[in-house]
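> Listed below, chain by chain, are the residues.
Protein chains: 2
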Amino acid sequence: MRRSIATVCVSGTLGDKLTAAAAAGFDGIEIFENDLVVSPWSPKEIRSRCADLGLSIDLYQPFRDFEAVPPEVLARNLDRAERKFDVMAELGVDTILVCSSVSPAAVDDDELAASQLRQLAERAGTRDIRIAYEALAWGKHVSTWDHSWRIVQQADHPNLGLCLDSFHVLSREVDPAGIAGITPGKIFFLQLADAPYLHMDVLQWSRHHRLFPGQGAFDLPGFVGLVLAAGYDGPLSLEVFNDVFRQADPARTAVDAMRSLIALEDRIDGPARRLPAAPELAGLAFTEFAVDGQSGPELRTALRGLGFTHTGQHRTKPVELWEQAACRIVLNSAVTRPQAPGAATISAFAITSADPQRSLQRAEALSAPAHPNVREPGEAELAAIIAPDGTSVFVTRPDDDWRSDFLPTGVPAAPGAGLRTTDHLGLAQPFDHFDEAGLFYHSVLGLDHLATEEYAAPFGLMRSRAVANPDRTVRLALTVALLRRGEWAPAVADPQHVAFSTDDIIATAAALSRPGLPAPLPSLPVPDNYYADLAARFALSDDFIATLCRYGILYDRDASGGELLHLYTPVLGGRVFFEIVQRRHYDRFGEANAPVRMAAHRHRRLNKG
Amino acid sequence: MRRSIATVCVSGTLGDKLTAAAAAGFDGIEIFENDLVVSPWSPKEIRSRCADLGLSIDLYQPFRDFEAVPPEVLARNLDRAERKFDVMAELGVDTILVCSSVSPAAVDDDELAASQLRQLAERAGTRDIRIAYEALAWGKHVSTWDHSWRIVQQADHPNLGLCLDSFHVLSREVDPAGIAGITPGKIFFLQLADAPYLHMDVLQWSRHHRLFPGQGAFDLPGFVGLVLAAGYDGPLSLEVFNDVFRQADPARTAVDAMRSLIALEDRIDGPARRLPAAPELAGLAFTEFAVDGQSGPELRTALRGLGFTHTGQHRTKPVELWEQAACRIVLNSAVTRPQAPGAATISAFAITSADPQRSLQRAEALSAPAHPNVREPGEAELAAIIAPDGTSVFVTRPDDDWRSDFLPTGVPAAPGAGLRTTDHLGLAQPFDHFDEAGLFYHSVLGLDHLATEEYAAPFGLMRSRAVANPDRTVRLALTVALLRRGEWAPAVADPQHVAFSTDDIIATAAALSRPGLPAPLPSLPVPDNYYADLAARFALSDDFIATLCRYGILYDRDASGGELLHLYTPVLGGRVFFEIVQRRHYDRFGEANAPVRMAAHRHRRLNKG
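Protein sequence lines correspond, in order, to chains A and B. Take 2 as the starting number for the first sequence in our numbering and just add one per residue. Take 2 as the starting number for the second sequence in our numbering and just add one per residue.
Any given hint might turn out to be false.
Identical copies look the same in the list; a pair holds intra-copy or inter-copy alike.
[Said to hold, decoys possible] With a straight-line Cα cutoff of 20 Å, these simulated SDA-like cross-link-like pairs (lysine to any residue) come out:
no., residue 1, residue 2
1, K141, R208
2, K187, R3
3, K187, D234
4, K141, L204
5, K318, G297
6, K141, V203
7, K187, R131
8, K318, S348
Please keep in mind that the hints were generated in silico from the structure rather than gathered at the bench.
Using the sequences plus the hints, can you model the full thing?
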């Protein structure tokens, strides 16, 4: 029999995957849509690359949430399908996997599902495309192979058949024996996966996923309140284990544990045990990069390209201040924090606190003592709290007195590019300290935990956690590889970034590409496939998408219609990049586009190297 | 309130944990029994160490599977409890956590549970000990806090109260509000843990745990047979993703994937696609260590200490043969495989095949091509298959013709120590290639997959997979850190080992400690706490346990009464150790004792360094 492999089975970019499949002797591949979307190769180029490698393209997958929907959704879904049929025609693949819907819009109506799948098959038939319908084991209404087979029979169209995936079949209790009786020719595709029999019950949950108070979702102040109401006066004792703590540095874990209890007691004890309240924060005052002779010049060029001006020079240290509106970047050539040679690092950032003294007292009470900055007489007092990843968090006064440490350079102000403030920092966290970092920023600085996301990136699963203050003038996006980052690929590990806000990203992008600028912003190339997919996913005008495409701007929309427009620079100074964001009632971080950015960073690096 | 932490919350040995808890400012600790069992400190020493650090011992935990059992089990459980009360007296701790039973022996009878817990509390009362009864969320009959409270009320004894653990309470659907109404003084202990709300359903199972055919538990030959019976003639396509593959080298993953399909087809296709059948294997012919000027002398001394004789010297290479009965070790000073300086490595092992040529043909057909050994004219032909961890697997003939490559040294045979054969090899696998290794040994060599185990070790979770041939003359134990090994502790990472069999481990151990031997075996110290726990767990005579203790022999018993007696050497040559095993109708590998060995290796290293 012919042997195929889905591109999702192996790590890397589409190029890495095709090479690996061909070298291992596979006859064909399934193209996983996300691999295509993040690829700089057009579908035709992918087709020709596969042909060169002797690989047939056997399946395009997956097409989601199609069937059993109201008429207006059906119209949109058919339009979406036509766009994917276009891609398939260019790829030269004749079968598409349509998996059973998990959409809340889908209704439990087999007849409707069959009739809509028949319409899809009819359209597919005019283009010689076959629809392989697959019951996802967690499909909303259709989740077993026999149910999908009943619907396919009911629809009764030659271009509609089944896709059987051994995982979806064997992970459910429906007897697979009946498969042998399926009408010959109606199994369009077979996908194979093995798996251990797992009982993902409360025991596994407990063994692998306990967290210290404040790192998870339980209402522990409420729970402890009940216990205290019953007259309990013994200790509060932590009983926590998970895969990470079991192998992490015990000294660090114990401090994290202690911080969790102190923060918990602050919410349940009487005033006697109250911590100094977290003062209101008013923004990110500056971000400091540690640079050396290699990364420094590269960052200076990039800052000029972004419309920044070198406005100040520190009185006593080799430290430069660069500004544009309220965006401030400090380049520090004297930081001794260990880093790879040539790799710039976010060594510090400063938050503006309504009461810096109280911020530091709170940190101290939470086992995060402040380290006074080494300073000369007359220089501003800037104390730093050390975050779990080693970054110094300076706490500044609302009057920005730290700026008086810098002498004006007299460099004429650049025209700028409309950047307004620092929107957020993207901080890749050390693997062992991700949950510790979340608790640190929440308890020490009083930032709220907005959301935790997981997504598949080209080199492994990623987890992100966003924290912010109530008015969103301080936002941090913490990220970590869920398992670890693949070490086989020579790419950028753990990049950090600074995102600046603009009110009009199109105007900003246009300003950045103005020929007058000393060094135009090097734009990160975004694949055309991404924009084709955007057009299929969202009802956006062709003109708008063309504009996004011209400037390499990415787009995201949240459940309530809020929109994010954003663009990235390439990786600079070895480890960092900049992002420009325009938010329209949007409170997230464009995580859906992170894999596109990662693949583009890797492609750029491969093409440079 | 006082703040405590369970020792299980942080990584390392008990010493590491106590230091970390004290440094973070905790008032007290819960002693997790396994941490005590693997510690070389007596309970009194632990008590005094805690006192020095300003830590109180607030709880001893856990005591499992006590209540609602038949009378003969109750008697054994009460005896077991008395032994733990002895330990508690030495520790100076007055509260023990008794968690609700998960034993198949337990019956669903609250009255019986209450009456037996009352008996336990009565005995505890005479020693001023309190029993804190906790409902495990996955307890067999008692799994909710309100149920445990009803039983405690029914038992009605002053030395019996509740332990409440926020995880067990909040992970279940029973309303915690009623906790506030528990009789004051009856909550003996409170344990806190947070957790994310997780839905460990089939979706998570699919996203994180799919495997290539033959690596999991599904009956895929049966499944594919059904699909083929329905007339399917499309490709067999792999649709597999898990956390490891997502970040691993795609070239390696693709080869692994291809091997899985070839092996699967061998079980479903007609004779046309059959692989050369795996020939019968007759044993491990030899194990080769790559050594250098530092690790070589250390291994030679150890082999002499184990009663081996340097019997042969290779005709053309700097390679030595050491023998004792059918145990053969080869020390190779010419292997160029990358390794840390001074660290010996198992660079190769040889299996005896009934048909070496066919073994190699099968390997070749499974994308594991053989590499011919570089050899001089007249030397035996030894081809090697390269295992996923880089180890060369030589396939030898039953007549052991490879031995003719060695010239006899004429060294007089040592008296030996009763070692008979190589029982098994312990091979720590590279993180990314554990499942690949399991499939490799199963498909290429035809070894059966015996069992996969997971256990908590001092530096993180471990997973082991045992493979063997039907008559058990070839056994391999593959291990890997489930997440990764803690990098904070300067200890032995990924040790490899060779286990030799004996028919009488007591006699062997006595022979090894005979003063006549050139260099007595350095024995790995096993903690007294381990033997105290052994006495509580198994009905073994005091004499027998004293003998085990004298020689540092560990003990395990399987569900059907089979017994393992085994002992370990310290780590030698940087990365390896030896084990001596005596099996009595026992088919496992003593995994339960691995944490004891790991802690002892770390203690030894700390005390040397």
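> Take the hints in turn and mark each one as holding or not.
Quick rundown of the hints versus the structure:
| no. | hint | verdict |
| --- | --- | --- |
| 1 | K141 / R208 | between (29 Å within a copy, 17 Å between copies) |
| 2 | K187 / R3 | within (18 Å within a copy, 68 Å between copies) |
| 3 | K187 / D234 | between (68 Å within a copy, 11 Å between copies) |
| 4 | K141 / L204 | between (26 Å within a copy, 12 Å between copies) |
| 5 | K318 / G297 | within (15 Å within a copy, 54 Å between copies) |
| 6 | K141 / V203 | between (23 Å within a copy, 13 Å between copies) |
| 7 | K187 / R131 | within (11 Å within a copy, 67 Å between copies) |
| 8 | K318 / S348 | within (15 Å within a copy, 54 Å between copies) |
Of the numbered hints listed earlier, not one is contradicted by the structure.
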